[in-house]
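Participant: Take the sequences, apply the hints, and build the full model.
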Amino acid sequence: MIKVIRKPVSDPGMDETAKNLSPEKIEKVIKWVLEKEADARLKTFVETCIHCGLCSEACHYYLSYKRDPSYAPVGKIRQTIWDIFKRKGRVDGETVKMYARIAYAECNICRRCSMYCPFGIDMAYMLNLVRRICCLLGVVPQYLQDQANSHMYTYTQSWLAQDDWVDTVQFIEDELRMEIKNARIPLDKVGAEVMYSPHSLEAKFKTNLLANIAQILNVAGVDWTMPSFDGWDSTNQAMHVGDNETMGMVERMHFEAAMKLKVKKIVTSE
Amino acid sequence: MYEFLTSLELYNFVKGPMVWVAFIMFIGGSIYRIVSLLYRAKKAKVIYPYMSLKYTLRSLLHWIIPFASTNMRKRPWITVITFLFHICLIVTPVFLLGHNMLWRESWNIKWWTLPERVADAMTLIVIFSALFFLLRRLISPEVRFVTFPSDYVLLIIAVAPFITGFLVFHQLFFDYDIMVTLHILFGEITLIAIPFTRLSHMLFFWLTRAYTGSDFGAVRHSRDY
Chain H
1 MIKVIRKPVS
11 DPGMDETAKN
21 LSPEKIEKVI
31 KWVLEKEADA
41 RLKTFVETCI
51 HCGLCSEACH
61 YYLSYKRDPS
71 YAPVGKIRQT
81 IWDIFKRKGR
91 VDGETVKMYA
101 RIAYAECNIC
111 RRCSMYCPFG
121 IDMAYMLNLV
131 RRICCLLGVV
141 PQYLQDQANS
151 HMYTYTQSWL
161 AQDDWVDTVQ
171 FIEDELRMEI
181 KNARIPLDKV
191 GAEVMYSPHS
201 LEAKFKTNLL
211 ANIAQILNVA
221 GVDWTMPSFD
231 GWDSTNQAMH
241 VGDNETMGMV
251 ERMHFEAAMK
261 LKVKKIVTSE
Chain F
1 MYEFLTSLEL
11 YNFVKGPMVW
21 VAFIMFIGGS
31 IYRIVSLLYR
41 AKKAKVIYPY
51 MSLKYTLRSL
61 LHWIIPFAST
71 NMRKRPWITV
81 ITFLFHICLI
91 VTPVFLLGHN
101 MLWRESWNIK
111 WWTLPERVAD
121 AMTLIVIFSA
131 LFFLLRRLIS
141 PEVRFVTFPS
151 DYVLLIIAVA
161 PFITGFLVFH
171 QLFFDYDIMV
181 TLHILFGEIT
191 LIAIPFTRLS
201 HMLFFWLTRA
211 YTGSDFGAVR
221 HSRDY
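Protein chains in written order, with our numbering: chain H, 1 to 270; chain F, 1 to 225.
You may find that some hints are simply not true.
Heads up, simulated BS3-like pairs for lysine-lysine below, C-alpha to C-alpha not over 30 Å straight-line [claimed, not checked]:
(1) H:Lys43 / F:Lys45
(2) H:Lys204 / H:Lys189
(3) F:Lys45 / H:Lys265
(4) F:Lys42 / F:Lys54
Since the hints were made in silico from the structure, they are not lab data.
Facilitator: So this is what it looks like as structure tokens:
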């Protein structure tokens, strides 16, 4: 059997929580996710896969790690989902940490492997279930969990609350008037054509990006607006964590902001 | 062992009741697997609402025509061998002269028959493609990493009827009596195994492709081939 070799990486979000997990809790969570939350797809995909390895070429991790088979999509499924089925969910904290490493740090859920699989097996769906298990057990990379926490607390990714947001927009507008006479960043304009919803970091670290977009939209004469209230952030880090509840809340806020402003289109950055 | 394998009782058993058992389990099992999957899929919120016939057909067409998808063009050898393997695997037993004679004798059903030489060549294609798959499992690291004993068993189940059938037809190496019994027995094992092992990709290929084709086409507006 080919050995899986990884450099040990320490991450407080994963190391500390994995230590405190009891086998009973892990088994309960795994059973909940794989039996209650997962649907008919999971079993069908697992029982249809003929282990041919034709998905490998699709994965950029596999290609950039010199074709190491443990980075191939089916190799990652083997180390996570098949492993869970084989052990019937009875695994220890260290193993959950390994699942978390694979699901968060070795797969982008880009679904290119489904494009290469002759059966169209959705491997990203299965790795998303692994993320869900790790999320419910609290074994999540700290940086990612921090961003999800920020979504829960400030409704944005980067701990930027609503008052900071309005402040930021106002100073960007001030600066923009040095470039364009009487430039406007119209907030809360009901019935506008476009709602621009920026990446949260555009309002925190890279305000020049937001200024650039505002400049373009001003010069282009687009009928646009942004909400002054929560729901302006287009990002959703909770989705990447596997925190489906927060993910749903964030998405709903985003779309409700567009509904309140009665816009025709949402334009997002990235 | 020799007496047992050549005994008339065993021959009569695999030729009579066992055939019924095999076909009932194959057809009944297949229907059960598909119906139970369609029923379980109802509970998921994201499968049926997004199904689209147009993108299902687009996806299926791109994956049953050779070289119609990116991955097939990237690996021409595997594409050629895989297509030949699957076509011969299904066509040969259905249109083989010997099998058709059995249908005619018992139920007076007639259909097209392959010339014997062609059928012989197709059997050899199946056997050599299987050998290729076996070597690929042993040599290629990304396949070896996901290979379990069950994968070898499945390959043997799929090919054993063809190996024994070839030996029966040419009456090579072993007694005809033993080989014909084994051939029938392996054929029945293969039929029974299709719905209940990962050979069920024969049944589920269409359904997983339908799901992924619809998801990629109707929801994401992208290609899955």
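Participant: Which of the numbered hints above does this structure break?
Facilitator: Going through the list in order, the structure violates no hint and respects every one.
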